[in-house]
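Peer 1: Going line by line, the protein sequences match chains A and B.
The first sequence begins at 1 in UniProt numbering and counts up by one.
The second sequence begins at 1 in UniProt numbering and counts up by one.
Among the hints, erroneous ones may be present.
[Said to hold, decoys possible] Cβ-to-Cβ under 7 Å is the rule here; a few derived chain B residues that face chain A: (1) H41; (2) P69; (3) K154; (4) D168; (5) R285; (6) V286; (7) R399.
[What the hints assert, rightly or not] What follows is a set of in silico ranges between Cβ atoms, one per label pair, in the way DEER data are often shown: (8) A:I212 / B:G334: 54 to 64 Å; (9) B:E222 / A:K383: 36 to 46 Å; (10) B:R60 / A:R209: 39 to 49 Å.
By construction, these hints were calculated from the structure, which means they are not laboratory data.
By construction, the Cβ of each residue, glycine as well, lies at the ideal position given by its N, Cα and C atoms.
2 protein chains.
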Amino acid sequence: MANCLVAQSGGPTAVINASLAGVIRANQLNPLYDRVLGGLHGIEGTLAGNLFDLTDLSGREIEVLKQTPSCALGTCRYKFSDEADFQRLIDVMDENDISTMFYIGGNGSMSTVAAMTAWAAERNLDKRFIGIPKTVDNDLGLMDHCPGFASAAKVACEITHATRMDYDAYTRPEVFVLETMGRDAGWLAASTCLTGDVDLLVLPEVDFRRSIFLEQVRAKMEQQGSCYVVVSEGARWYDGTYLSANGKAADGLGHAMLGGAAGRLKSMIVEAGIVPRCVVQDLSRVARSSNFAMSLVDLEESYDLGVSAHMRSAKPEFTGQVVGIRRGQGSDGGYNTEFFACPAADLANFVRPFPSEWILPNYQGVSDKALDYFRPLIQGEPKLICENGIPLTMHPFNRR
Amino acid sequence: MANCLVAQSGGPTAVINASLAGVIRANQLNPLYDRVLGGLHGIEGTLAGNLFDLTDLSGREIEVLKQTPSCALGTCRYKFSDEADFQRLIDVMDENDISTMFYIGGNGSMSTVAAMTAWAAERNLDKRFIGIPKTVDNDLGLMDHCPGFASAAKVACEITHATRMDYDAYTRPEVFVLETMGRDAGWLAASTCLTGDVDLLVLPEVDFRRSIFLEQVRAKMEQQGSCYVVVSEGARWYDGTYLSANGKAADGLGHAMLGGAAGRLKSMIVEAGIVPRCVVQDLSRVARSSNFAMSLVDLEESYDLGVSAHMRSAKPEFTGQVVGIRRGQGSDGGYNTEFFACPAADLANFVRPFPSEWILPNYQGVSDKALDYFRPLIQGEPKLICENGIPLTMHPFNRR
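From just these sequences and the hints, can you work out the full model?
Peer 2: See the structure below:
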C-alpha cells in the first residue's frame, strides 16, 4: 500500500487545518494509504523533502487540529511552475512511496493540481493530484463558496458590529473606515453588510469615483451624523490602480502588496473637510486566521471536504479533481451543503468577482439576495476546547 | 422614594454594560429607587437632561445588555469641571427627583465623583455620587484590576496567538509588530505575554532605546528566524515623547491621540536593514469593545460590581465612594474575587503603571509573577446568545 501526501498553500484561514484533519481522520476510518505524510511549508518544504507523519494523530489531537487556525503544516509564497520543480515533486513522491497528493489551497494551488496532473499523464506516471479548496477571498470558480471564507466573514461581521457600537457611543463628528482583505474580489468586505451596520461599501468590482464617494459620505454625515465605511483592500480606480497603491513592491508571485485603502479614504475625507477626524481599523490578518469567531457551518464543511476528497480517492481514476461545495436545500427548505467534484483545470487561475447585480449603486451596500447568500454561511458557533482562557491549538508541525 | 441616575463615561469596554445591567437588576431585586434613569452620552447628555428610563427592562433584555459591548447609554469626551456644570448637574438631578448618581468610568469619572461629592457637601446638598470603575487600560489605583481590562486582554491574547500562528506559517524573513491600546500604562500590551508568543515587548514604563531594541530584533531574527513584537500605544522616548508622535493634535481633554507606535517600529526595523518587510497589526478598538472573546471572570465581576454599588447605597451615608475588586483566595487556594469600597478621592486622577519589577530587561517580556497576576483574569467563556451567527446586542439607548 502506498502513502499519500497532504500539503497546504497560500494564505492561512481559520479552517484550513480542519480539511487536513478530515484527510487524516478519513484514513483512520478507511486506510486507503499506509501513511499520511504532511508536506511542511507548502510546496517549498515538500520539494525539499520535509515531511511529517500525521497518520496516527490521536482523536484528541485531531479535535484540537480542527480548531487550530492558520496552517499547521506551514505555507509558502513560492512560484511552482517550472519543469525542474515538477520533476523534483515526482522524485519526492517516489522517494517516499507516495501515490497521491492532496493539495489544500486557493487559485494557484488548484492550477498546480491541474498542471501536475497533465504533466504526469503525458509521462504515464502513476501519480495522482487532488485539490481541496480554501480561501478567505471566496474567489474560486464553480463552487458556491470556499472553505475559510465564512469564518473570515463571521469575524469581520463581529468586529464590524462591535466597532460600530463603539463608534455610535460617541457624538463627535468623525467617520469610521474598516478595511478587510479579499484581494481582487469584494466578497469579504460585502459580507459585513449582514450586520446592518455598514453605511457605505467600497468594493473592487466597482471603479472608484472619488467625487461620488465623498458626496455620499457628506450626505450620511448630514442625515445621521455618522458614517461607517467598509472598504476592500483591492478597491481600485477606473484604470485598475489600487486605492492603496503607494509605491509598494509586489511580492515574489507578482501579487501587489495590498493594505492601506482605508488610510487613503481617510485622507480624502479629511482633506475634503467633511469631518476633522476619521478612525481607521484595518482587520488585516485578524479576519483570516482567528478561531474566536469560527462559523460552525464553515468548520464542518471544511472538515467534511477533507474526508470527501480522501473517500473519493478510493477510485484509482480520481485525479486532477477538486472537491467543492454546492448550495442545496434541506428537507426543511433551509440551507444544505452538497459536495461535488470537478476538474481542477476548469477553475484554474480564474478569479470569481462578487456579482455586480448584487451591488447597490453609490456605495450603498448590497442587495437582499446577497444577504440571503451570506446568511447561512456564518451560522453556528463551535464549542472550542479552551485552556487557561484561550482556545487550545496544535503546535505547528513546521515548527517542531 | 427618589430616583437614581446611571451614566457611562470614557472609552467603551466589553463589559461596561454588564455593570449597568447590575445596577438595573439590583434595583428590581431591592427597589431602593423608584426609577433607574440612564444619562445618555455620559455627562454631556446628562447635563442636557437626556435621560432614559431603564427601571423595567425585562430579564431577557438585561441578559442581552450584559453581553453587549461598548456603551449602551453612549459616552462623551467632555471636560466636566467648572462650577456651571456642577450646578447644572444638581439642577438635572433636582428636576428628575434624583438622589443618587452612579457613574461608570475611568480615572476622570472617579475624579468627578470625588469633586461632586465635595461640592455637594460644602453646600449641604442631599445628593450622592458613587463610582463604578471601568477601563481597559487597568490603570486605576487601589484595586487589583479594573473591569473591562480582562476582556480586552483576552481579545488581545487570542489575536496575538492567532496572528503568531499565521506569521509562523511562513518562512520569509519579516518581523511582526502588534500594537495594543493602554494609554500610558502597559498592562494590556503586557497581558499578551500570557500566550508565550511574544518575543519582544515594548511598554510605556520603560524609556525606549532604539539601539537596544533593534539589537534585540536582530538577535531574534538570527536565532530563530522570526520576531514577534508587541508594543503599547503609549510607548515613549526618555523625554516623554510618544513613539507614535507625528504632529497629531490632542483631543478636547488634552489627551494625545495615540496609535502609530507599531508603524514607527516598523520603519526603524526596515530602515536598519534587519528585514525587508514588517507586518503591522493595530488592534485599536477591536480589543476594547469586542464581545467575541469576553472573559467570564470579567463579565461576572463587572455585573456584580454594579449590584454591589447599588446594594451599598442602601446606607444613606454611602457617597463619594468607588466600589472595586481585590484579589482574594478561594477555599481551593485559587483566585477569588473580593469586593470593597474606598473613597473616590483616594484614586482620583492617579495612573497606576505596570509594575517595573515585573518587566524583564531588554524588551524580553514580563516575569512569571506578572503572568500569575494575569492568568486568572481571562478565564472562562460566557455562553453568548447569538442570532443569525453573531452575538445579540442591545440597541443603544442613545440611538433610539
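Peer 1: Look at each hint and say if it fits the structure.
Peer 2: Structure-based check of all given hints:
1. H41: Holds, because the Cβ-Cβ distance from B:H41 to chain A comes to roughly 6 Å (cut-off 7 Å).
2. P69: Hint on B:P69: holds, closest Cβ of chain A at ~5 Å, below 7 Å.
3. K154: holds, 6 Å
4. D168: This interface hint holds because 6 Å falls under the 7 Å limit.
5. R285: Cβ of B:R285 sits 5 Å from chain A, so the hint holds.
6. V286: holds, 6 Å
7. R399: holds, 6 Å
8. A:I212 / B:G334: 54 to 64 Å: Holds - the Cβ-Cβ distance for A:I212 and B:G334, about 59 Å, lies within 54 to 64 Å.
9. B:E222 / A:K383: 36 to 46 Å: With a Cβ separation near 42 Å, B:E222 and A:K383 satisfy 36 to 46 Å, so the hint holds.
10. B:R60 / A:R209: 39 to 49 Å: Check passed, 45 Å falls within 39 to 49 Å.
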